[in-house]
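**Student:** Could you build the full structure based on these sequences and the hints that come with them?
Chains as they are written, first to last, in the UniProt record's numbering: chain A, 1 to 191; chain B, 1 to 191.
Everything labelled a hint here was simulated from the structure, so no lab data went into it. Fair warning: there could be bad hints in the mix.
Copies of one chain are not kept apart here, so a pair can be met inside one copy or by any two copies together.
[To be verified] Under the rule of at most 27 Å between Cα atoms (straight-line distance), these lysine-lysine pairs were calculated in the BS3-like manner: (1) K143 x K191; (2) K49 x K131; (3) K143 x K167; (4) K167 x K131; (5) K120 x K167; (6) K191 x K131; (7) K47 x K131; (8) K191 x K49; (9) K191 x K120; (10) K7 x K21; (11) K167 x K49; (12) K167 x K47; (13) K169 x K143; (14) K169 x K120; (15) K167 x K186.
2 protein chains.
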Amino acid sequence: MKITDRKLEIITIAAQLFKEKGYSAVTMRDIAQAMNIKAASLYNHIKSKQEILVLIIIEIAEEFTNVMNEIVNSNDLVLTKIERVIQLHIDITLRNADALACLNNDWMHLTDDELQYFVKMRTEYEANFRKIISEGVLAGELKNCNQEVVVFSILSTLRTMYLWYNKTKDLDAQTLQNTIATVFLKGVANK
Amino acid sequence: MKITDRKLEIITIAAQLFKEKGYSAVTMRDIAQAMNIKAASLYNHIKSKQEILVLIIIEIAEEFTNVMNEIVNSNDLVLTKIERVIQLHIDITLRNADALACLNNDWMHLTDDELQYFVKMRTEYEANFRKIISEGVLAGELKNCNQEVVVFSILSTLRTMYLWYNKTKDLDAQTLQNTIATVFLKGVANK
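**Tutor:** In structure tokens, the structure reads:
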């Protein structure tokens, strides 16, 4: 997808409003007002709230999909692959937390082809992560515990990071990366 | 709170409906219909959808609060305390996943005193878990990494378990307990 500057401004502001008020409660008029333009001008750039939702969610879902594909097809060690997945989620969370909130809360408001496309990307993303974990167990890099629980323990933390990462001031990307990698790879217990 | 059998039936069915359609979209009529009774009979037992929401959420939040208080005030080792917190979330998730979905999705629809009471319980719950983690670091039982990241990595996984625990058939409470404890205490890497 190619996004113009004006569209980028629209989706940035819309994502904030969706997060604050919920997708269903926000109107095109609210978005125009927040941008300080007339609703008619907004329609010159974008045809509906639905189109905005698609731009926000599909853009970010495609980024997750593309980077995950690179990671899963790389020759890295599994531990490195997991670190790269953590890195990917931190990158997007720090850059675009509002859009992530929108993806998590409002994806079910997508329709038809876009909904199917999104669900397909999400399913493949999980399947790819599962593949990394099972490759790690096979190679002896990872402990042999219930793989679904491992997959969703890590993914739950990464997917909800946008909700809690800014509860602490001064929590930089590097500290997030190191701590999450330590927690999941080595555990919190001191041995 | 003391809940009659009839009220329990109402909140069980309402929690399912809230999960399927979203709190705002469900009417008292829908709830009566799902119970195969007239709306008028429903009002004999409960005065509003808001009262149902309070019953569902406050009940479960109080259970989390009470057990967490027991754990934090016990003389257990910190590693045991963390295992008991994991156990608490598994217990409630397996017993009452619909109510947990309601708590997570709809708590913001609580009003006035109930909203304040809920937010207070949630804040204290996080503060108590934070206390366990910092006690563990002080005692040398836990690694000294960023405590907020540790707190929310573990809580995110436990709080979203209701979304993923039943993606795998045959995932029993004991396997969940062992795997989550292993992941967070010892890490997934094979040493």
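**Student:** Does each hint fit the structure? Answer for all of them.
**Tutor:** Cross-check of the supplied hints:
In this assembly of identical chains, the alpha carbons of K143 and K191 lie at most 27 Å apart whether taken from the same copy (17 Å) or from different copies (8 Å). Proximity of K49 to K131 under the C-alpha cut-off of 27 Å is found in neither arrangement, the shortest distances being 36 Å within a copy and 44 Å between copies. For the homomeric pair K143 and K167, the shortest alpha-carbon distance between copies (21 Å) is at most 27 Å, but the shortest distance inside one copy (32 Å) is not. In the homo-oligomer, the alpha carbons of K167 and K131 lie at most 27 Å apart only across protomers (16 Å), although the nearest pairing inside one protomer, at 33 Å, exceeds that limit.
For the identical chains of this complex, K120 and K167 are inter-copy neighbours only, at 16 Å across copies versus 32 Å inside a copy, given an alpha-carbon limit of 27 Å. Only between protomers do K191 and K131 lie at most 27 Å apart by alpha-carbon distance; the minimum there is 21 Å, versus 29 Å within a single protomer. Within a single copy, K47 and K131 get their C-alpha atoms no closer than 40 Å, and across copies no closer than 51 Å, so neither meets the 27 Å cut-off. In this assembly of identical chains, the alpha carbons of K191 and K49 never lie at most 27 Å apart, being 53 Å within a copy and 51 Å across copies at closest.
With identical chains, the CA atoms of K191 and K120 are never at most 27 Å apart, being 41 Å at best within one copy and 35 Å at best between copies. When the C-alpha separation of K7 and K21 is checked against a cutoff of 27 Å, the pair qualifies only within one copy, where the shortest distance is 21 Å, while the shortest distance between copies is 32 Å. For a Cα distance limit of 27 Å, the shortest separation of K167 from K49 qualifies neither inside one copy, at 30 Å, nor across copies, at 33 Å. Taking identical chains as interchangeable, the C-alpha atoms of K167 and K47 are never at most 27 Å apart, the minima being 36 Å within one chain and 38 Å between chains.
Within a single copy, K169 and K143 get their C-alpha atoms only as close as 34 Å, which misses the 27 Å cut-off; across copies the closest is 21 Å, which meets it. Taking CA atoms no more than 27 Å apart as the test, K169 paired with K120 passes between copies only; the shortest distance there is 22 Å, against 36 Å inside one copy. Both within a single protomer and between protomers do K167 and K186 lie at most 27 Å apart by alpha-carbon distance, with minima of 24 Å and 26 Å respectively.
In terms of the numbered hints stated before, the structure departs from hints 2, 7, 8, 9, 11, 12, listed from lowest to highest.
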